[in-house]
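J.: One letter stands for each residue in the lines below.
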Amino acid sequence: MGMSVALERDARDAAVKVSEESALVRKAQAGDRLAFEELVRKYDRDVLRLALNLVHRTEDARDIYQESFLKAYRNLPRFRFECSFYTWLYRIVTNVSLDHLRRRTSRREDQAPVTENMEGVSQDFFDRQPETRPAASPERKLLGDELGAMIQSALEQLAPRERMVFELKHYQGLKLRAIGDMLGTSEETVKNSLFRATRKLRASLVAMR
Amino acid sequence: MDENPNSNLNPGECEPCREFSQQMHSLVADELERPQQIEAEAHAQSCEACAKFLSEYRELASVLAAVESEEASPELLAVCRRSLTSELDELEVKADESRSRISRWLRALSPVSSLTVQPVAAGTLLFLGFAIGILVPRWVGQQSGPAVGPTTAEEVQVADGPEVLPVLNEQDLRTANITGINWEATAGGEPPEVQVQLQAERPMTVQGTVANNNVKDTLLYILQNDRRCGPDVRIESVELLKPRSKDADVRRALCQVVRTDVNAAVRLKALECLNDEGDPEIVQKTLEDVLVADSNPGVRIEAINTLRNITAKNQVPLDAHLVKVLRERALSDPSTYIRLQSAALIQDLGPKQSY
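Chains as they are written, first to last, in the working numbering: chain E, 1 to 209; chain V, 210 to 564.
No lab work stands behind these hints, which were simulated from the structure alone. Check each hint, because a few of them may be wrong.
Here are the computed distance ranges between Cβ atoms for each label pair [claimed, not checked]:
1. V/Cys226 with E/Asp63: 44 to 52 angstroms
2. V/Glu228 with E/Ala30: 49 to 57 angstroms
3. E/Ala11 with V/Asn514: 34 to 42 angstroms
4. V/Ile247 with E/Arg103: 17 to 25 angstroms
5. V/Gln245 with E/Leu7: 18 to 26 angstroms
6. E/Ala30 with V/Asn518: 32 to 40 angstroms
7. E/Gly184 with V/Lys303: 43 to 51 angstroms
8. V/Asp488 with E/Ala11: 17 to 25 angstroms
9. E/Asp63 with V/Asp298: 15 to 23 angstroms
Simulated pairs of lysine to any residue, SDA-like, Cα-Cα distance not exceeding 25 angstroms [as the list claims (entries may be wrong)]:
10. V/Lys261 with V/Glu296
11. E/Lys42 with V/Cys223
12. V/Lys455 with V/Ala474
13. E/Lys71 with V/Asp305
14. E/Lys71 with E/Val55
15. E/Lys175 with V/Lys455
16. E/Lys200 with V/Glu268
17. V/Lys455 with E/Pro160
18. V/Lys455 with E/Arg33
19. E/Lys200 with E/Arg57
20. E/Lys71 with V/Asn434
21. V/Lys533 with V/Ser282
22. E/Lys27 with V/Leu241
23. E/Lys200 with V/Cys223
24. E/Lys200 with V/Glu240
25. E/Lys175 with V/Ala260
26. E/Lys200 with V/Ser235
27. E/Lys42 with V/Val534
28. E/Lys27 with V/Asp458
29. E/Lys71 with E/Pro160
30. E/Lys71 with E/Gly180
31. E/Lys200 with V/Leu241
32. E/Lys27 with V/Asn421
33. E/Lys42 with V/Asn386
34. E/Lys175 with V/Ser278
35. V/Lys303 with E/Gly31
36. E/Lys71 with V/Ala474
Negatives, chain E to chain V, calculated, CB over 10 angstroms [unchecked claim]:
37. Glu37
38. His56
39. Tyr171
Just so it is clear, CB atoms sit at the ideal spot from N, CA and C, and this is done for glycine as well.
Modelling step: build the complete structure from the supplied sequences, incorporating the hints.
T.: Have a look at this one:
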């Protein structure tokens, strides 16, 4: 009983939030700059985090942030409420980020250095990894940094679209359907990209022993 | 696109059994509902291929989980916001310039200007205009009863002196210069009577209390366009809007001023208005931004004081970002007062272990 009341309340709160956001978007479409900036503040932390995790360079992340929100501002009159504003915005962000990733893979000097193999260690990469999170001790922190660099290097080897799908799923925790909506493709295609990415990632990490 | 996740398998790579392939892939992607999840896990206990597949992916997931997602620092976020704001300012200025170019061009092409070089045609048109103006109302009057004169106040345009506009729009404000604000205090705590002078092709005056939407919109426009009016006019606008700070538009404008106005005195004045009223979540975010990004220590001090006041009234929801900002301020703000107040606020917000 109590739980159903709580669920109803949650649903009501969600509906109110959606309608408040729609009102804000309409105001922004009518030229209300403050309404647009409020929308920016609602989502920009997530956008910047996504950009940072994709490109790992502050300057590039800033460019993605700026370009994405300016595109959103210019194209806002074309938003027709056929999906949520969040999905629409993320569609822009993922397109801008993919362009950056593609440009980057075509410029050799921009690519991250490949992590050196560790000498004298013969066991499987996965066997060497600690089971707990890295912040617990300085040794673990060091191991965590090393591991982070290896994973980063492995991620750099993925195709931009696979990289994007992997980031949105694994680190942003989005559902495959939502990712499909953002990337303008089907859930099934996203699922396939995700598993190609996961397989490549595993193969790269195993090779780094 | 290839539709099969099992395609391009390298030799030695394990895959789930054909029958449960889709479920297993969905399971590791955390995309199954609870009953299907239980079913898939139960299957994996009796199927060697699926068990191996699951174990390998979970191993990979645990390795990836050991590396935390990179978070954007509040400083970086503040820098991004500022540069976006100035980029949007530039876009608006360009749009204004382009609009005024178009309107000049249209005026140049209008029939009135071309008639100045054709006096005969102009005279004919003038005569026709008079004839239509005199005859048509008479004819309409005969057809439909008594003629309706300009009886409502909105239809009356003041001929002498500045024009008092019934409804003001964004275009009016964009094309006018705001030359000054006069206001008179009224007795009994009522909002003051405000008069804003707009210099345009024809001078206009916006008049009324702040309860009047024309007055409110004009004052908001002043705050939103800080390059078009001096700081004295902006401070007065903030002061006059204070009685309406519960209004969502006004609150958003005040938050915007606090974040972006170039003048610290204007930002401080707007902060004062956020003290008591409004949506605590928006106010809280604004104060966080000020603490992180405002270079003026006086403004940051006012922000931390306001935050403490609001927290004392239990209006601020506790969140990780707020705590992060406060901890960072407590450690590194150049002002001792802000460092101490930030530390005190962290203590006020709850037990240490919850962070």
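J.: So, for every hint listed, does it hold in this structure?
T.: Against the structure, the hints come out as follows:
1. V/Cys226 with E/Asp63: 44 to 52 angstroms: 46 angstroms Cβ-Cβ, so the 44 to 52 angstroms window holds.
2. V/Glu228 with E/Ala30: 49 to 57 angstroms: With a Cβ separation near 55 angstroms, V/Glu228 and E/Ala30 satisfy 49 to 57 angstroms, so the hint holds.
3. E/Ala11 with V/Asn514: 34 to 42 angstroms: With Cβ atoms ~39 angstroms apart, the hint holds.
4. V/Ile247 with E/Arg103: 17 to 25 angstroms: Given a distance of about 45 angstroms, which is not inside 17 to 25 angstroms, the answer is violated.
5. V/Gln245 with E/Leu7: 18 to 26 angstroms: At 21 angstroms between Cβs, range holds.
6. E/Ala30 with V/Asn518: 32 to 40 angstroms: holds (34 angstroms)
7. E/Gly184 with V/Lys303: 43 to 51 angstroms: Once the Cβ atoms are compared, 31 angstroms apart, the range 43 to 51 angstroms for V/Lys303 and E/Gly184 is violated.
8. V/Asp488 with E/Ala11: 17 to 25 angstroms: The hint (17 to 25 angstroms, Cβ to Cβ) holds, given that V/Asp488 and E/Ala11 are roughly 22 angstroms apart.
9. E/Asp63 with V/Asp298: 15 to 23 angstroms: Holds - the Cβ-Cβ distance for E/Asp63 and V/Asp298, about 19 angstroms, lies within 15 to 23 angstroms.
10. V/Lys261 with V/Glu296: Violated, at roughly 53 angstroms.
11. E/Lys42 with V/Cys223: Cα-Cα ~43 angstroms, so violated.
12. V/Lys455 with V/Ala474: The given pair, whose Cα atoms are some 22 angstroms apart, holds under the 25 angstroms limit.
13. E/Lys71 with V/Asp305: holds (19 angstroms)
14. E/Lys71 with E/Val55: holds (19 angstroms)
15. E/Lys175 with V/Lys455: Not OK: E/Lys175 and V/Lys455 at ~38 angstroms, beyond 25 angstroms, violated.
16. E/Lys200 with V/Glu268: Given pair E/Lys200, V/Glu268 holds - Cα atoms ~15 angstroms apart, limit 25 angstroms.
17. V/Lys455 with E/Pro160: violated (47 angstroms)
18. V/Lys455 with E/Arg33: holds (19 angstroms)
19. E/Lys200 with E/Arg57: holds (23 angstroms)
20. E/Lys71 with V/Asn434: holds (22 angstroms)
21. V/Lys533 with V/Ser282: holds (10 angstroms)
22. E/Lys27 with V/Leu241: violated (39 angstroms)
23. E/Lys200 with V/Cys223: Measuring from Cα to Cα gives roughly 13 angstroms; hence the hint holds.
24. E/Lys200 with V/Glu240: The given pair, whose Cα atoms are some 21 angstroms apart, holds under the 25 angstroms limit.
25. E/Lys175 with V/Ala260: Satisfied, since the Cα-Cα distance of roughly 24 angstroms is no more than 25 angstroms.
26. E/Lys200 with V/Ser235: Since the Cα atoms of E/Lys200 and V/Ser235 sit roughly 18 angstroms apart, the hinted pair holds (cutoff 25 angstroms).
27. E/Lys42 with V/Val534: holds (17 angstroms)
28. E/Lys27 with V/Asp458: holds (10 angstroms)
29. E/Lys71 with E/Pro160: holds (21 angstroms)
30. E/Lys71 with E/Gly180: Given pair E/Lys71, E/Gly180 holds - Cα atoms ~21 angstroms apart, limit 25 angstroms.
31. E/Lys200 with V/Leu241: holds (23 angstroms)
32. E/Lys27 with V/Asn421: Measuring from Cα to Cα gives roughly 20 angstroms; hence the hint holds.
33. E/Lys42 with V/Asn386: violated (33 angstroms)
34. E/Lys175 with V/Ser278: Cα-Cα ~18 angstroms, so holds.
35. V/Lys303 with E/Gly31: OK: V/Lys303 and E/Gly31 at ~15 angstroms, within 25 angstroms.
36. E/Lys71 with V/Ala474: Not OK: E/Lys71 and V/Ala474 at ~33 angstroms, beyond 25 angstroms, violated.
37. Glu37: The claim breaks: E/Glu37 does not keep its Cβ more than 10 angstroms from every Cβ of chain V (closest is about 6 angstroms).
38. His56: violated (7 angstroms)
39. Tyr171: Answer for E/Tyr171: violated, closest chain V Cβ roughly 4 angstroms.
The structure fails hints 4, 7, 10, 11, 15, 17, 22, 33, 36, 37, 38, 39 (numbered hints given earlier, in ascending order).
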